[in-house]
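**Q** Chains A and B are the protein sequences, given in the same order.
Note that my numbering gives residue 208 to position 82 of the first sequence, counting from 1, and the numbers run on in steps of one.
Note that my numbering gives residue 13 to position 11 of the second sequence, counting from 1, and the numbers run on in steps of one.
Hints in this document: simulated from the structure, not taken from any laboratory.
Quantities reported herein were computed from a predicted structural model and do not represent experimental measurements.
Idealized CB from N, CA, C, for every residue including glycine.
Just to be clear, a hint being listed does not mean it is correct.
No more than 20 Å apart at the CA atoms, straight line, and that leaves these computed lysine to aspartate or glutamate pairs for DMTMM-like [claimed, not checked]:
#1 Lys145(A) - Asp211(A)
#2 Lys167(A) - Glu7(B)
#3 Lys166(A) - Asp85(B)
#4 Lys38(B) - Glu170(A)
#5 Lys102(B) - Glu193(A)
#6 Lys102(B) - Asp222(A)
#7 Lys167(A) - Asp5(B)
#8 Lys166(A) - Glu40(B)
#9 Lys166(A) - Asp5(B)
#10 Lys166(A) - Glu7(B)
#11 Lys102(B) - Glu178(A)
#12 Lys38(B) - Glu129(A)
#13 Lys38(B) - Asp18(B)
#14 Lys167(A) - Glu40(B)
#15 Lys167(A) - Asp95(B)
#16 Lys102(B) - Glu170(A)
Label-pair ranges, simulated between beta-carbon atoms [claimed, not checked]:
#17 Glu178(A) - Ser13(B): 41 to 49 Å
#18 Lys58(B) - Thr128(A): 17 to 25 Å
#19 Val239(A) - Ser29(B): 41 to 49 Å
#20 Gln59(B) - Thr133(A): 31 to 39 Å
#21 Thr27(B) - Gly154(A): 32 to 40 Å
#22 Ala43(B) - Gly140(A): 25 to 33 Å
#23 Asn143(A) - Asp60(B): 43 to 51 Å
#24 Met57(B) - Ser181(A): 29 to 37 Å
#25 Gly140(A) - Lys70(B): 48 to 56 Å
#26 Ser13(B) - Asp222(A): 39 to 47 Å
#27 Lys135(A) - Lys70(B): 41 to 49 Å
Some, not all, of what chain B presents toward chain A, calculated at C-beta under 8 Å [as the list claims (entries may be wrong)]:
#28 Tyr33
#29 Ala43
#30 Leu45
#31 Tyr50
#32 Asn101
#33 Lys102
#34 Gly108
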Amino acid sequence: DTEVTQTPKHLVMGMTNKKSLKCEQHMGHRAMYWYKQKAKKPPELMFVYSYEKLSINESVPSRFSPECPNSSLLNLHLHALQPEDSALYLCASSQDHGNYGYTFGSGTRLTVV
Amino acid sequence: GEDVEQSLFLSVREGDSSVINCTYTDSSSTYLYWYKQEPGAGLQLLTYIFSNMDMKQDQRLTVLLNKKDKHLSLRIADTQTGDSAIYFCAERDPSGGYNKLIFGAGTRLAVHP
Chain A
127 DTEVTQTPKH
137 LVMGMTNKKS
147 LKCEQHMGHR
157 AMYWYKQKAK
167 KPPELMFVYS
177 YEKLSINESV
187 PSRFSPECPN
197 SSLLNLHLHA
207 LQPEDSALYL
217 CASSQDHGNY
227 GYTFGSGTRL
237 TVV
Chain B
3 GEDVEQSLFL
13 SVREGDSSVI
23 NCTYTDSSST
33 YLYWYKQEPG
43 AGLQLLTYIF
53 SNMDMKQDQR
63 LTVLLNKKDK
73 HLSLRIADTQ
83 TGDSAIYFCA
93 ERDPSGGYNK
103 LIFGAGTRLA
113 VHP
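Let the sequences and hints guide you as you build the complete structure.
**A** Structure representation (structure tokens):
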């Protein structure tokens, strides 16, 4: 298995909702990432997990809450989002050092209404 | 500081070669990457090059690295319509003890008959 699987592919949520994005990989990668990508822009790093521990939080608002239950799974819990949070959310994984690049999932297209 | 710059758009005729250029500012970068993103999809790692290499070839793809000028290029031979996508150049953030990629803005490649 050489893929990163993200669910759901599309999500529409209201500003008062709570939802979660899920990411799964079975490549034995020990680093996992959340990126946010707005239209016509490059991906922006949000969080990095290394060996299931949060190693980087790029000053992301607390309405985004990451979780890494085990080495294969990564979640992003969403609460009280704003319309400007609408974007493509990409999960990625890599071997621990990341030198040989990341494997990205196909993303969750999030729309906040 | 780190910055990665790319031209935003390139149009080529099917069958011709495409050359996508990228400049980076941090001379201590060790790994540089090219990613491809098709519409509505995640990022696909095309290739990477280590900073002690000048060139890397993989089938239709050729990466050239000029460390003196901090210039990276991706050449696609015999460009096909399936190559139409956004191409991101990225460097590994050399300042961190963690994994972080710095992406360029992306070059949109349009292939026409």
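**Q** Could you run down the list of hints and mark each one as holding or not?
**A** Verification of the hints:
1. Lys145(A) - Asp211(A): 13 Å, holds
2. Lys167(A) - Glu7(B): Measuring from Cα to Cα gives roughly 13 Å; hence the hint holds.
3. Lys166(A) - Asp85(B): Holds, at about 18 Å.
4. Lys38(B) - Glu170(A): 16 Å, holds
5. Lys102(B) - Glu193(A): Within the cut-off at roughly 19 Å; holds.
6. Lys102(B) - Asp222(A): Measuring from Cα to Cα gives roughly 12 Å; hence the hint holds.
7. Lys167(A) - Asp5(B): Holds - the C-alpha atoms of Asp5(B) and Lys167(A) are around 15 Å apart, at most 20 Å.
8. Lys166(A) - Glu40(B): 12 Å, holds
9. Lys166(A) - Asp5(B): 18 Å, holds
10. Lys166(A) - Glu7(B): Holds, because 15 Å separates the two Cα atoms, which is no more than 20 Å.
11. Lys102(B) - Glu178(A): With a Cα-Cα distance of about 16 Å, the restraint between Lys102(B) and Glu178(A) holds, given a limit of 20 Å.
12. Lys38(B) - Glu129(A): Between Lys38(B) and Glu129(A) the Cα gap is close to 16 Å, so the pair holds against 20 Å.
13. Lys38(B) - Asp18(B): 19 Å, holds
14. Lys167(A) - Glu40(B): 13 Å, holds
15. Lys167(A) - Asp95(B): 19 Å, holds
16. Lys102(B) - Glu170(A): 10 Å, holds
17. Glu178(A) - Ser13(B): 41 to 49 Å: 45 Å, holds
18. Lys58(B) - Thr128(A): 17 to 25 Å: 21 Å, holds
19. Val239(A) - Ser29(B): 41 to 49 Å: 46 Å, holds
20. Gln59(B) - Thr133(A): 31 to 39 Å: 37 Å, holds
21. Thr27(B) - Gly154(A): 32 to 40 Å: Holds, since Thr27(B) and Gly154(A) (Cβ atoms, about 34 Å apart) stay within the stated range.
22. Ala43(B) - Gly140(A): 25 to 33 Å: 27 Å, holds
23. Asn143(A) - Asp60(B): 43 to 51 Å: 44 Å, holds
24. Met57(B) - Ser181(A): 29 to 37 Å: The hinted range 29 to 37 Å holds for Met57(B) and Ser181(A), with Cβ atoms some 34 Å apart.
25. Gly140(A) - Lys70(B): 48 to 56 Å: Because 54 Å falls inside the window, the suggested range holds.
26. Ser13(B) - Asp222(A): 39 to 47 Å: Holds, at about 40 Å.
27. Lys135(A) - Lys70(B): 41 to 49 Å: Holds - the Cβ-Cβ distance for Lys135(A) and Lys70(B), about 44 Å, lies within 41 to 49 Å.
28. Tyr33: 5 Å, holds
29. Ala43: 5 Å, holds
30. Leu45: Result: holds, 4 Å to nearest chain A Cβ.
31. Tyr50: 5 Å, holds
32. Asn101: 4 Å, holds
33. Lys102: 6 Å, holds
34. Gly108: 6 Å, holds
Figure legend: structure checked against the earlier numbered hints; every hint is met.
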